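Could you build all of it, start to finish, from the sequences and the hints given here?
Residue numbers for the sequence shown, in the UniProt record's numbering: 1 to 93.
If you're looking for bench data, these hints aren't it; they were derived computationally from the structure.
Predicted model only: the values in this text are computed from it and were never measured.
Ideal placement from N, C-alpha and C gives every residue a C-beta, glycine not left out.
Please note that a few of the clues may not be correct.
Unchecked claim - Just the calculated beta-carbon pair ranges, DEER-fashion: (1) Pro-4 / Cys-32: 30 to 40 angstroms; (2) Arg-62 / Pro-4: 31 to 41 angstroms; (3) Phe-22 / Gly-50: 17 to 27 angstroms; (4) Pro-25 / Gly-5: 15 to 25 angstroms; (5) Glu-61 / Val-6: 28 to 38 angstroms; (6) Gly-5 / Ala-29: 35 to 45 angstroms; (7) Gly-5 / Gly-35: 18 to 28 angstroms; (8) Thr-23 / Ala-64: 16 to 26 angstroms; (9) Gln-48 / Ala-15: 16 to 26 angstroms; (10) Gly-20 / Glu-61: 16 to 26 angstroms; (11) Thr-23 / Leu-67: 32 to 42 angstroms; (12) Ala-29 / Pro-4: 31 to 41 angstroms.
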Amino acid sequence: MAEPGVQPEAWAPFAEDMHGMFTDPVLTAVACKHGKSVAQVILRWDIQRGVAVIPKSIHRERRAENLDVWDFMLDPAAPAKCVGYMTTCAIRC
1 MAEPGVQPEA
11 WAPFAEDMHG
21 MFTDPVLTAV
31 ACKHGKSVAQ
41 VILRWDIQRG
51 VAVIPKSIHR
61 ERRAENLDVW
71 DFMLDPAAPA
81 KCVGYMTTCA
91 IRC
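What follows is the structure in structure tokens.
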């Protein structure tokens, strides 16, 4: 994904939910399958692609949730579904 010596970063991986990501049925189904939130699925998807994520939250419980993404892996089909969704919403990585 990255050029040699370049680290991709996601400074706003949730895009302030401008595109309804948190209620999307595909992302919700993937989150439910793993017992995680949609936010955790989005963060994990970026991490598995080698993107350094920098999510923002003023809520302590959400900050803790954002850190709890290391105990599961998305299967190869899940990221493909997420890519389709993200591209449809004009969110580019």
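How the hints compare with the structure:
no.: 1; hint: Pro-4 / Cys-32: 30 to 40 angstroms; verdict: 38 angstroms, holds
no.: 2; hint: Arg-62 / Pro-4: 31 to 41 angstroms; verdict: 35 angstroms, holds
no.: 3; hint: Phe-22 / Gly-50: 17 to 27 angstroms; verdict: 24 angstroms, holds
no.: 4; hint: Pro-25 / Gly-5: 15 to 25 angstroms; verdict: 39 angstroms, violated
no.: 5; hint: Glu-61 / Val-6: 28 to 38 angstroms; verdict: 34 angstroms, holds
no.: 6; hint: Gly-5 / Ala-29: 35 to 45 angstroms; verdict: 37 angstroms, holds
no.: 7; hint: Gly-5 / Gly-35: 18 to 28 angstroms; verdict: 37 angstroms, violated
no.: 8; hint: Thr-23 / Ala-64: 16 to 26 angstroms; verdict: 22 angstroms, holds
no.: 9; hint: Gln-48 / Ala-15: 16 to 26 angstroms; verdict: 19 angstroms, holds
no.: 10; hint: Gly-20 / Glu-61: 16 to 26 angstroms; verdict: 22 angstroms, holds
no.: 11; hint: Thr-23 / Leu-67: 32 to 42 angstroms; verdict: 23 angstroms, violated
no.: 12; hint: Ala-29 / Pro-4: 31 to 41 angstroms; verdict: 36 angstroms, holds
Hints 4, 7 and 11, counting from the list given before, are not met by this structure.
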